[in-house]
Each structure stands twice: as structure tokens, then as C-alpha cells.
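For reference, the chains in residue letters:
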Amino acid sequence: AQTVTQSQPEMSVQEAETVTLSCTYDTSESDYYLFWYKQPPSRQMILVIRQEAYKQQNATENRFSVNFQKAAKSFSLKISDSQLGDAAMYFCAYRVIQGAQKLVFGQGTRLTINP
Amino acid sequence: EAGVAQSPRYKIIEKRQSVAFWCNPISGHATLYWYQQILGQGPKLLIQFQNNGVVDDSQLPKDRFSAERLKGVDSTLKIQPAKLEDSAVYLCASSLERATGELFFGEGSRLTVL
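Taken in sequence, the protein lines are chains A and B.
Each residue of the first sequence is one higher than the last, beginning at 13 in our numbering.
Each residue of the second sequence is one higher than the last, beginning at 119 in our numbering.
Just so you know, these hints were derived from the structure itself, not from any lab.
Be aware that a few hints might be false.
What the hints assert, rightly or not - Lysine to any residue pairs mimicking SDA-like chemistry, simulated, CA-CA at most 25 Å apart:
(1) K114(A) - V31(A)
(2) K85(A) - E186(B)
(3) K114(A) - W140(B)
(4) K90(A) - T194(B)
(5) K162(B) - P127(A)
(6) K90(A) - M23(A)
(7) K114(A) - R75(A)
(8) K114(A) - V191(B)
(9) K90(A) - E186(B)
(10) K82(A) - E220(B)
(11) K90(A) - P127(A)
(12) K201(B) - V191(B)
(13) K82(A) - P53(A)
(14) K82(A) - R228(B)
(15) K114(A) - R134(B)
(16) K114(A) - A123(B)
(17) K196(B) - R228(B)
(18) K162(B) - P53(A)
(19) K114(A) - T194(B)
(20) K114(A) - E220(B)
(21) K162(B) - S92(A)
(22) K162(B) - E203(B)
(23) K162(B) - I58(A)
(24) K67(A) - Q95(A)
(25) K114(A) - G121(B)
(26) K114(A) - K133(B)
(27) K133(B) - E203(B)
(28) K114(A) - S24(A)
(29) K90(A) - V116(A)
(30) K133(B) - K180(B)
(31) K85(A) - I58(A)
(32) K67(A) - K180(B)
(33) K67(A) - K114(A)
(34) K162(B) - Q95(A)
(35) K189(B) - G158(B)
(36) K162(B) - Q20(A)
(37) K189(B) - L157(B)
Stated by the list, open to error - Restraint ranges, calculated between C-beta atoms of paired labels, are given here:
(38) K196(B) - N126(A): 25 to 33 Å
(39) K180(B) - T30(A): 28 to 36 Å
(40) S19(A) - Q177(B): 19 to 27 Å
For each residue, glycine too, the CB sits at the ideal point set by N, CA and C.
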């Protein structure tokens, strides 16, 4: 069974600084997608960034970038120039391409931005 | 473009009562998901529909939970009878493509079972 592990229940960072959230996953599949989702307090979850496993190049979306290490099954999220609006729960998620293609989430990391 | 709509936003019931949640996905999205998110945990998939057929319901407690998606659009998730451990946020999401497509989430329905 596929599992996703986020080992940091909580993280905090000073505004304008950089923070990295960790994620590891377990799978025997070779083709899959990895995602980071953001869930602000009392608001709906939104996609932050997506990585295709077959791509070696790390995905980047403005201030958000990932460090994808396929052999190590590691997928960390780096947030540069942190802003107050980045405060939220962040979930790492995995999705296999074949079969039911279920999206499996990690336990989440609560990110606090200190002004 | 209208987002995923869910209702009710909040519901408080006593154990052994029943409750139903409704979801209207984004127009044209063939795949619909119901997730259960217990406080402090990540969302757990309960059931996934492709149009009006069930793709995955392996983690749905079928003795008390049921879901349907009539005509491949709206969906209803029902719990009967509710238990204390069913207290959670029930998230509905939809996507245009199954594998690569981004999931769009509703605001969720928060259930408290007393």
C-alpha cells in the first residue's frame, strides 16, 4: 500500500525567510504524481505544486519549489520569501497513474509565519 | 467558474442519528471524491466516482456509510447510524482528469457527533 509521511507536525518561519517542509512516500510503482496542497484555516484546500515522477527537473511555481529525490522517495517543498498568507496546513499527496488512481495524503504540516 | 459546492457547512447530531451531505462538483468534472478529514490528520478517501460509477470505495465503512452520484453530477454521502468517531470534516472534490488533473475541493462539511 502506498503511504505518505510528513514528519514535521508543525513548522514556523520568520516572514521573508525560507522554509522547507519534508515528505517521504512509499511505493513500488514507477509512474506516479506528487502534489503539495495548502489548506488555510477554515478555507478549502488548493493545489500548490505538482511533480511528475518521470521528470527529473524539479517543479517550480513562483516562490514555491520542490526537491524531488526519486530514489530516496523524498519530496520536499521549499517556500522562499515567506509571506503571512502562506500560513496554513500543507499536505503532501501521492497519486499512482494506473488503476484507481487514488490520491493519498500525508498527515500534514502546520506552517506558522512570524511577522 | 463556480467551485465545488457543499452543504451543510456544519452539522451537529447525536450518536445513532443519521446525516446526509450534498456535493455539487464543478461543471464538466467527471471524477468526484469524498474524503474524511479527522482533526489533526490528513484527508482519507472514502469513495471515488467516475461519472456515476464507483471507482474505489475500499475505505468506506459500508455498514453505516453510503454514497451515490445520480446522473453523474451531484453526489450525496449518508451516515446512518452515526458514531462518535465519525466526527470530522467531510470534503468533496472533483477533477477533470483522473491521474494528472488537479483536485478542486469544496469548503467541507464539519460533522460533530455528540
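*Could you work out which earlier hints the structure fails to respect and list their numbers in ascending sequence?*
The structure conflicts with hints 1, 2, 4, 5, 7, 9, 12, 13, 14, 15, 21, 24, 26, 28, 32, 34, 35, 37, 38 and 39, although it agrees with all the remaining ones.
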